[in-house]
Every structure is written in C-alpha cells, then in structure tokens.
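A.B. asks: Chain order of the listed sequences is A and Y. According to the numbering used here, the residues represented by the first sequence are 900 to 1209, in order. According to the numbering used here, the residues represented by the second sequence are 3 to 323, in order.
These are computed hints drawn from the structure, not numbers from a lab. Where is the CB? At the ideal position from N, CA and C, for every residue including glycine. The reader is advised that the hints may include incorrect statements.
[Claimed, not checked] Across the chosen pairs, the derived CB separations fall in these ranges:
id: 1; chain 1: Y; residue 1: 99; chain 2: A; residue 2: 1143; range: 21 to 29 Å
id: 2; chain 1: Y; residue 1: 99; chain 2: A; residue 2: 1137; range: 20 to 28 Å
id: 3; chain 1: Y; residue 1: 43; chain 2: A; residue 2: 1137; range: 57 to 65 Å
id: 4; chain 1: A; residue 1: 1142; chain 2: Y; residue 2: 87; range: 46 to 54 Å
id: 5; chain 1: Y; residue 1: 194; chain 2: A; residue 2: 921; range: 58 to 66 Å
id: 6; chain 1: Y; residue 1: 92; chain 2: A; residue 2: 966; range: 51 to 59 Å
id: 7; chain 1: A; residue 1: 935; chain 2: Y; residue 2: 323; range: 33 to 41 Å
id: 8; chain 1: Y; residue 1: 298; chain 2: A; residue 2: 1014; range: 45 to 53 Å
[Stated by the list, open to error] Using 20 Å as the maximum straight-line C-alpha spacing, the simulated SDA-like pairs for lysine to any residue come out as follows:
id: 9; chain 1: A; residue 1: 1132; chain 2: Y; residue 2: 176
id: 10; chain 1: Y; residue 1: 154; chain 2: Y; residue 2: 301
id: 11; chain 1: Y; residue 1: 310; chain 2: A; residue 2: 1087
id: 12; chain 1: A; residue 1: 988; chain 2: Y; residue 2: 246
id: 13; chain 1: Y; residue 1: 15; chain 2: Y; residue 2: 53
Okay, here's what each chain looks like letter by letter:
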Amino acid sequence: MDWFKRRKGIATSEKKAIPDGLWVKCNSCGEIIYRPELQKRLFVCPKCEYHFRINSKDYVEYFFDPDSFTETGANIKPADPLRFRDTKKYTDRLKAAQKTTGLNDAAITGDATIEGKPVVCAIMDFTFIGGSMGSVVGEKIARAADRARERRVPLIVISASGGARMMESALSLMQMAKTSAKLAQLAQEGIPYFSILTDPTTGGTTASFAMLGDVNIAEPGALIGFAGQRVIKQTIGQDLPEGFQKAEFLKDHGFVDLIVHRWEMRETLGKIIDLLWAGGGKAKNNGKVASGEKAAKASRSSDAVAPGKN
Amino acid sequence: MNKTFRVTLDFEKPVVELEKKIAEMEEYARETGVDLSDDIGRLRRKADNYRKETYSKLTPWQRVQLARHSDRPFTLDHIERIATDFVELGGDRAFGNDPAMIAGIGKIDNHRCVLIGHQKGRDVKENLHRNFGMSNPEGYRKALRLMKMAAKFKMPVITFIDTPGAYPGLGAEERGQAEAIARNLMEMAVLPVPIVVTIIGEGASGGALGIGVGDSILMMENCWYSVISPEGCAAILWKDNTKAPIAAEAMKLTAPDLLKLNVIDKIIPEPPGGAHWDYDVASANLKKAILTELKRLEKIPVETLIEKRIQKYEAMGAWKE
Ligand SMILES: [Zn+2]
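Pulled out of the complex, with its shape left as it was, chain A reads as follows (with noise of 0.2 Å):
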C-alpha cells in the first residue's frame, strides 16, 4: 500500500463531504485525526481504515492518472421540468447546491487514463443533493456510455447516490431506464464496464446502472441497497443483521466481485482493463470498430466532445 510514494504531488481540492476543521474524527472508530494527515491517506482512517466520503474531484484525483482528466458535458444543467416545490422550490435547492459544490449536477463526466489506459469515466456526487439521479446524471452517463462506444474504450461510472431525484419524479425513474439501455448497448458492442460503488450506492442507482458492471468493485464499509433501512425496519419489523447492506454483504451474496481498498483501486483496475480488453479490444475488431463508429454515429454522443479535445 504504497500508493502515495508512487505518486508524485497531491493536489488539494474542497472536502465538502467531510467538515471542514483541521481535525477530523473517524465516523468509524472515532480516532481523531490531523486533516493533512488524513489527506495525505486518501481520506481512509490510519486506525481502523475507515473510508471517509469524498467528493467527485477526489476520485478523480486519486482513481485516474495524474491530469488524464478531460471534463465533458460540463455545460449540461439542470432544468424544472415539473417547476417542483415542497417546502422549497427545486431551483432554489439546485442553486443552494450548485453555489456549495461548485458542480451543475450530481455528476460529472470525462475522458481520462487508468494506468496508461484510455477510459470515458462518470463520477457521482454525494455533496450535491445527496447525489440523486435526475435527468442530468442519466443524460450525462448516457453520453458517456455513448462516447465508451464511440471510442472503443472502457466505461467507469463511479457512484455515490442516495437514489433518484424524486423533484423530478417520473423523469427520475426513466433515467434508470435510460442509463441502462445505453448500457445494453455499449455491451452489445463488447466493450467493457465497470463499476465502483461507495458509500452510499441506494435506491434507483443500485437499481440501475450500479448493478450492472461486467465488473462491480466496492470500496470497503460502503453501504449498498435497494431499500431504506428505515422502511426495511418498519416492513418486516425486526432489527437488522450486523453489517447488513455493507459492501461485505453485498460480496457474501454474490452482488459484487471485489472489494478493493482506496490506494489500490487505479492499479486493481489497470490490472482488469489488460486482461478485459487487452490491446483495446484490437485483437479481433475486424468490422467491429466500424459496426461501433456507425452505432455511435446513429445516437448523439458527438456533441459531448469537449471543444478542443477527442
């Protein structure tokens, strides 16, 4: 596990999901622990190895090589289709968290490189409105899904989701439609997906697109369902079971492949991209590429092209 010694400068970036302060005490086993320190480990707790929630930028920083990533689809915002108020107006928590986060939506997108490997990464944000689903997260891997298929490279979405947007209602339930018809497609094509659930991967997410990796890896602790516990409880009236919907679980019942620490996601992925798609799914693309060029010249993934970069 050293990550952080193969890697040269880490760069700072805003820990929304963590109090600000400059102790920071582990949710886990409530060790109090020197923020730079924490930083510095990638935000797992050197007591217990707690996985603290971090932010899109984070896993950007720590999953992908070092200034691999391209942003694309950063000029997708978020509409009121329903002009949805409850005890707020839906604009007024989208602004409220747009000025927070400094995001759009509750994902962003892009091209990037693990271990060399070019791959279309989407990457959730919890910070933003507990990082539901509405119609942009589902535009967003839609087009990332497209672009994967587009460019023949793999497709990650990393997720970190309290489920769908209900502001958006009906919307929000088709994005889980959306997201995995674009997902069929892609493996139609043959090209791989993966997918990294953290802490928390719930409701329509799991339901969706999270459960549906060639490859799904959890990042340790992570809490991963369907339901609410709370409803759970109420339904069947009893507690439930230790560890229940944690990423463990998750692996005992058969739902996820691995469990891979946080310093050792990008490398565990390298490893699976070369046996997956070794020479980028070359080997035997004899009319495949141009099956997967026409595909994608037929749906409208070109647009997500950020201006100047392919």
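We have chain A; now place chain Y with the ligand onto it with these hints.
C.D. replies: Below, chain Y with the ligand alone, put in the same frame as chain A:
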C-alpha cells in the same frame, strides 16, 4: 356491473348511495308492479351528472386513491377478460416462485403473447399470499425468464403494472432486489420482440419499472406512476406523510401529466366512476388499446423496433445546455 364494494372512497359516497337507491326502487317496482320509471330515471340522471362532474376534475390524490381501490380489477382480472388459453408459468429457476408476479403465455385474439404483471390480493388472506403486489427479486427474475422465452419463440410481451413498490425486505436485499430490477431494465431495452407496457393501478418506482420498459406505454385513466409514493415523498421532503395529497399534486404522477412529459404514450379510458365500476368495460378498453399497439409494432422490423425503443428512452428527461 358490480356495485357492492369493499371500500367506498369519500368522493364516491354520493354516487354509491344513489346507485343503491336506484337498485332498491327497481326491486320494489319489480315486486309490486308499481311504475317508478320516472323517479328511477331522475335518480339515474342525477347519478350520471354527479359522476360526470366529479370524475372530470379528479385531483391527483383522488386518482391515487382510485388506483389503489381494493375493488379495482387486478392483473388476473384483466388477463381473464383479455386473453384466451392463458397458462400461468412459475418460478425463476434459481430461488422460488413469487406469487406477487404473474407470468404466463396466452393469446389475445390471434396474437400469441407472453403476459406478465404484478398481482395484488383482494382481501387480507389473498394479500398475505400475494404480498400486496410487492415483488421479490425472484418475481423480477421470473419475469425476465419469460421475456427471454418470448424472444426465443418470437412472441410479443405484454406487461401489467400494479404495485406499491418492490418489496423492501431483508431477504429481498440478500437476493439482490436492485440487481434483479437493473438486469430487467437492461434486457428489456434490447429484447428482440415488441413490448407493450400497461399501467393498470399503482406504478411505484423501480418496482414498477422493473417490468416497465417497452415500445408502447399505455396507462389507464385513474392510475399513478412515479419514482416514489406520495406518502414517501411527503415524508422525505415535507417531513410529514399526511402531506401526501400535496405531494401527489407536485409530483405530476397522473396519466395526463405523464403524457405531457412523454413518459407514457397513451391514456386508456375507464368506465364512469373508475375501472372498479365495470371490469368488462375496463378490460375491453385495455384490450382494444393493446391490440392496436400489437398490430402496429408487429409490422416493424426488429432492429428498427429496438433502435426506436432506445431512442425513446434516450430522449427522456429535461436539462439545459
Ligand atoms: Zn477509524
């Protein structure tokens, strides 16, 4: 018409009372030979007017209540009236058979079909068996098994959505409720046969969508379909589940709203007062709509069908750029 209901909703009371009075007068007229046709006619007009007035401006919350009406026709009631030679098939070949999800083969006129739907119970005993129409993972996996059978034998798939949600239980999580639903979404997107989805009652969240991806989405008039129940939404956003009627309004969960949002393709009319007032008419309307779609979809080459299906989902949502 079956007019004795287990449940009468508040706004249904006047019309139920009038219908009861009419039935009594008809009975009296029959027994005594007294001509009451004027009075009966007057009451009938009154009942019709009330129905017209009330049901032409139902609130979203009233529709939610109609969608949940325990006298409403369920999946098997419709299948019985729509299909012939229906053979129910069971089991996911992995864990068990889920009685909350019906799946089988049958014919609608001359169209061989696979029919799949959530099944609610009529009373407590039935509901314990049917788990209130809340499927477990094996229900979704049975549905998928039958869809693959449909693909193998080139039969269209018709689904009937009527669920308060996928079952939120311990075993359901252990057996991968999320994976079961996700897998169906992915497989249905590219299933090489026509899929006609109908919403016949409640369409709650992923539990509904798990059999809800298709080429034509038809919704009966008094149903609801959304990402969460109004009570659930109210509990989370208003921190008060008694605000469900207000949440129902905000959520745009009725058929007319969803048609505007392009989430559904067509609204199927129900008999006056709702589907529970006349099962035969409700099923006949449903059958007619399904047949129209089947005839249209069966003409489309399968590659085009899948392409159009994916394009439809691709366009769903609203964003700015
Ligand atoms: Zn700790």
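A.B. asks: Each hint should be assessed against the structure and marked as holding or not.
C.D. replies: Hint check:
no. : hint                       : in the structure
1   : Y:99 / A:1143: 21 to 29 Å  : holds (26 Å)
2   : Y:99 / A:1137: 20 to 28 Å  : holds (25 Å)
3   : Y:43 / A:1137: 57 to 65 Å  : holds (59 Å)
4   : A:1142 / Y:87: 46 to 54 Å  : holds (49 Å)
5   : Y:194 / A:921: 58 to 66 Å  : holds (60 Å)
6   : Y:92 / A:966: 51 to 59 Å   : holds (56 Å)
7   : A:935 / Y:323: 33 to 41 Å  : holds (38 Å)
8   : Y:298 / A:1014: 45 to 53 Å : holds (50 Å)
9   : A:1132 / Y:176             : holds (14 Å)
10  : Y:154 / Y:301              : holds (18 Å)
11  : Y:310 / A:1087             : holds (16 Å)
12  : A:988 / Y:246              : holds (17 Å)
13  : Y:15 / Y:53                : holds (11 Å)
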